Amino acid sequence: MQDLLYFSQQLINGLTIGSTYALIAIGYTMVYGIIGMINFAHGEIYMIGAYTALIAITGLAALGIAWLPLILIVALLCAMIVSSSMGWAVERVAYRPVRGRHRLIPLISAIGMSIFLQNYVHLAQGSRNIGFPALIDGGFNFGSGDGFQMSLSYMQITIFITTLICMTALSLFISRSRTGRACRAVSQDLGMANLLGIDTNRIISATFVIGAALAAVAGLLLGMYYGSVDPLFGFIAGLKAFTAAVLGGIGSIPGAMLGGLILGVAESMTSGYLSGEYKDVISFSLLILILLFKPTGLLGKPEVEKI
Amino acid sequence: MLEVQNLSMRFGGLLAVDEVSLDVQEHEIVSIIGPNGAGKTTVFNCMSGFYKPTGGKILFEGREVQGKPDYKISRLGMVRTFQHVRLFSQMTVVENLLVAQHRHLNTNLISGLIKTPSYRTKEQKSLDRAAYWLDRVGLLDLANREAGNLAYGQQRRLEIARCMVTEPKLLMLDEPAAGLNPAETKELNQLIISLKEDYNVSVVLIEHDMSLVMDISDRINVINQGRPLASGTPEEIRQNDDVIKAYLGEA
Amino acid sequence: MAANNFRHALFCSIITLIISYPIIGFNLEAQGINVTLTGADASTVVMVLLAAVIVFLFQLFRDQIMGTLRSLPHPLPQSSKEPMAENRRAKIESWVLTGIVVLALFWPFFVSRGAVDLATLVLIYIMLALGLNVVVGLAGLLDLGYVAFYAVGAYTFALLSQYLGISFWLALPIGALLAALFGLVLGFPVLRLRGDYLAIVTLGFGEIIRILLNNWTTLTGGPNGIGGIPDPTLFGMEFGRRVKEEGNTSFHETFGIAYSGEHKVIFLYLIALVLAVFTALVIRRFMRMPVGRAWEALREDEIAARSLGLSRTAVKLSAFTIGAFFAGFAGTVFASKQGFISPESFVFLESAIILAIVVLGGMGSQIGVVLAAIAVTILPELAREFSEYRMLIFGAAMVLMMVWRPQGLMPMRRIHIELKRQE
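Sequence order for the protein chains is F, A and D. Position 164 (the first sequence) corresponds to 164 in my numbering; numbering is contiguous. Position 81 (the second sequence) corresponds to 388 in my numbering; numbering is contiguous. Position 196 (the third sequence) corresponds to 754 in my numbering; numbering is contiguous.
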C-alpha cells in the first residue's frame, strides 16, 4: 500500500511536469514541422513568459488587487502577449532572413538569439532567482497518518486542467480554423502551399506566435509550481521540451503531448527511486538514445532521403 | 561485368522498381530509358548502394553487391554521377578531383604530417592525374576556381572527370546531357565514346536525349512504370511496338 | 503602399514596446521572501521609447534605407581586387606570421603579469577555437558539447596529479589522447545523425559529462572542484619559491636569480604559445592533406562524397577526434594555469563562446579564428564597464553574422594548387 502510494505520487508529479513540457514542446514541434529548424531560443521565450507573469502578479498585488482569478487571468494574458510578440519578433529578426540556407545557419542564429535573450533578461532583472508567489496552495491528501502520504495539490490540478484546455483549443484550432488548415498545408509542402496562394510567411509567423503563447502558459504554471524563476530557467526546460518533442516524433502535435508526459514520468521516477541529481542525465540519455535508434520518435513520420 | 537480376524496390506501398534485370558486358555502353517516373534513377540508386533494394540481386564482377554501403560499392569500381550535378561547390575544381582520389592516397595521418617521401610521390601522382583529366575535359585553366562558379556545362564535365580520377571500371551516368545545349551534347557524346574506347570503361547511361542514346548505346533497356518493357540494340528498340506505344501512345 | 508601410511600421514599433517595456521597465526585487516591483528610472523608459521610435522610422523608410545601404560599396571587398601572385603572397604571409610569433615570444618580458596571464587565456581559447574549427568549420559538424573534451583534458591532469603525482608534461599527451578517445567513443554512434540532431546530441553529452563531474563527489570533488594542481616544470626545475617535490630543483636557485612570481606566469604563457602554434601548424597541414579535403567534401555534399568512396563515419570521426584532441590539450594547460578546476568552468556557455569565436572569425579560416579569439577574450577586459554586456553582444553578433555574413569576417581562402599539363 505504501509502495503504491509512493508510486502514485511519483506518477502524479511526473504527469504534472510532463504536461508543462508538452506545452513547451508544441512550439518546437510546430516550428520544426513547418520550416524544419530547431528553434533553440524557444526555452527563452518560455522564461520570458514566466518573468512577465511574475511582473504582472507583483504589479497587481502592489495595486491592491487580491481576487485570485483576476490575478491569474491578467498574468496569463500579459505573459501570452509578451511571449507571442517576442516569438514573432525573433522569427522576423533572426530566422526569416536565413530561411532556406544551409541547415546549420538558422541553428547558429537561434543559438545566438537564445544567448541574447538570456542576457537581456539577466541584465534587466538580475541573475539571482526570484521567488514566485504560490497563489494556489493546499490540496488533497491520501494515506494513513504515520506512513507515506500522497498528496495531490490544487496547483497540480490547475496545471492538468489548464494544459487540457490549451491542448483542446489547439487541436480545434488546427483542425477547424482557416489558419489551422493553412498551417497543415504549409507543413505538408511549403512551396506548394505558396503556389496555392497561402501567405506562407504569415502562417510561419502564426506558428511562432502560437508556440510562444503556449510556452507562456507553461511559464506561468511552472513558475508557480517551482516557486522561483531565474534567467537560466528556460535553458534546461527548453532542452527537456525539445527532448519531449523528439520523443513523440518531431513535427507531430499529439507526439509532443505524449512525449512530454512520458518524459515527465521518466524523470520523476528517476528522482523518486534513484536520485534527483541524475534526472537530467536520464532525460538527456533518453534524447540521445531516441535520436540514435528511432529518430522519427513514437508518432513521427519517417523522412525519405532523396537524391 | 555487371548483372542486375530481378531487382525490386518498394517504398511503403509503392513498388517503384519491379523485377528489373539488365546486364553490362565489358567495353559496352548500355542505356536505360523510359518515361519520367519510370524508376530509372531508383535503379541507379540501388546499383550505387544508396538504397537497399527490397528484392533481387546485383552482381558486380561476380560478387553480390546489393545492400552494400555506397562508399564500398564505389571502391569496387562502380562510380556514378547525379541527375542534378553534385559538386563540392565551395572547393576548387582541382580539389574536387583530389577528394575523389582519397582512397588512392596514403591516408595515414602521420606520414602526411611529416611529408614522408612516399606521401609526396603519391600526392604528386594524384595531382598529375587530376591535371590530366582536367585537361581532358578542358578545365585545366580553371583548376583553381571554385567549382560552384563554373558554368553548367563545365560542372557536368567536372563531375565526369571527378568519377574518372577514381579509375572506375563501370561508370553510371544519370542524365548527363540534361540542360546542355546541342554543341555541348555533341562533345559529351564524343567524351563518353572515348571513355569506352580509350580508357576501357563500361558505361551505364540514363538519358532522355534520344539522339544521344541511339548514337552511342550498344544496347538499350526500356523500363516503364518500374517494369522492364524491352531490351535490345538501338535498332531493335526503335522498331519495338511496345516501346513506341509507351512513348507515343500514353506519354 | 505607403499606408501599408505605415501600418507595418506602427505594428513593429508596438511589438518593440511590448517585448521591451515590461521586462526592462519594471524591476523585480526580492526582499526576504517578498518580491516588490519598482519602475525603472526615467532614462531607461526614454531609451525604450526611443527604440520603438527608431524601429518605427526604420520600418517606415525601410525600402529607401535598404536601397541606400545596397548602393554603398561593400566594406570588405573579397575577390574584387586582382589576387597577388600565389607564391609571393604565401611567402609574405609566412614571413608576417613568423614575425608575429617571434614578437609574441619576447613580448611577455616587457609587460605586466596580468597582461601575460590574460594572453595565456587568449592562447587557450585560440587552441580551443582552432580545434572546434576543424569540427564545425571544416567538417560542418555542429558540436555544442565541445567543452566536454576541454573538461576531460583538464580533469585528467587534475586527477592524475592528485592521485598519481603525474607531472604536467606527462599529463599533457595523456589528457589530449584521453579527450581524443572520448571523442572517438562518443562520436562513433552519433556521427551518422543529421546536422541539427547531432548538435542537440552533442549538447546533451556535454551536459551529461558536466552533471557527472558535479555529482561524482568522491572522485572529482563535485562542485568544489579540485585544487592544488601543480605548475609545469622546466627540466625538473620548479617555479615556486620552495621546491615541492623531492628531486626537483627550483628555477631561480639554479640560475642564481631572485625569486619572482612572474617567471611562472611567463613560462606558462610560453608553453601555451608553443602549443597554440603547434595546434595551428598541425591543423594547417591537415587542411592540405587528403583528410582535410575529405572533411570539406563531406560538409559540402555528403551524398556525392559517399558516392566517391569516402566513408562517412571514418571521415567525420577523424574530424571529431582531432578536434577533441586539441580541446584536451587546451584543458591541460587551463588546469595548470588556474591551479584549480571545477565543473563551473565547463558549462554550455563556454561551448557557445568557442562556437561564437569560430563563427565570427569565419568558419574554416584559421587566421580569422585566431583574430576572433583575441578579440572576444580581450575586448571585454579592455572595456570593463561593458563586460556585463559581453554575452548579450555575442548573442546579437552571432545572429547578425548569420544574417549578413555567414562566411565570417575573414572567410577561408582556398589553397592555390599549381598543376602541370600532362601528356
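No lab work stands behind these hints: they were computed from the structure. Since the model is a prediction, treat every value here as computed from it, not as a measurement. Hints are not guaranteed to be accurate.
To be verified - Straight-line alpha carbon distances no greater than 30 Å define the calculated DSS-like cross-link-like pairs of lysine-lysine that follow:
(1) A:K432 to A:K364
(2) A:K552 to F:K294
(3) D:K822 to A:K429
(4) D:K649 to A:K375
(5) D:K822 to A:K422
(6) F:K294 to A:K364
(7) A:K552 to A:K493
(8) F:K294 to A:K379
(9) A:K503 to D:K649
(10) A:K476 to D:K649
(11) A:K375 to A:K422
(12) F:K279 to F:K294
(13) A:K493 to D:K978
(14) A:K422 to A:K432
(15) D:K822 to A:K432
(16) D:K822 to A:K476
(17) A:K476 to A:K375
(18) F:K294 to A:K476
(19) A:K476 to A:K503
(20) A:K379 to A:K429
(21) A:K422 to D:K978
Said to hold, decoys possible - Listing some non-contacts, in silico: residues in chain D with all C-beta distances to chain F over 10 Å:
(22) F614
(23) L627
(24) W653
(25) F668
(26) D675
(27) M959
Stated by the list, open to error - Derived, one-sided and incomplete: chain D residues facing chain A with beta-carbon distance under 8 Å:
(28) N585
(29) E587
(30) V840
(31) I841
(32) R842
(33) L866
Don't be surprised by glycine CBs; every beta carbon is placed ideally from N, CA and C.
Requested in this report: Please flag the earlier hints that this structure goes against, numbers listed from lowest up.
Outcome: 1, 2, 3, 4, 5, 9, 10, 11, 15, 16, 18, 27, 28, 29, 31, 32
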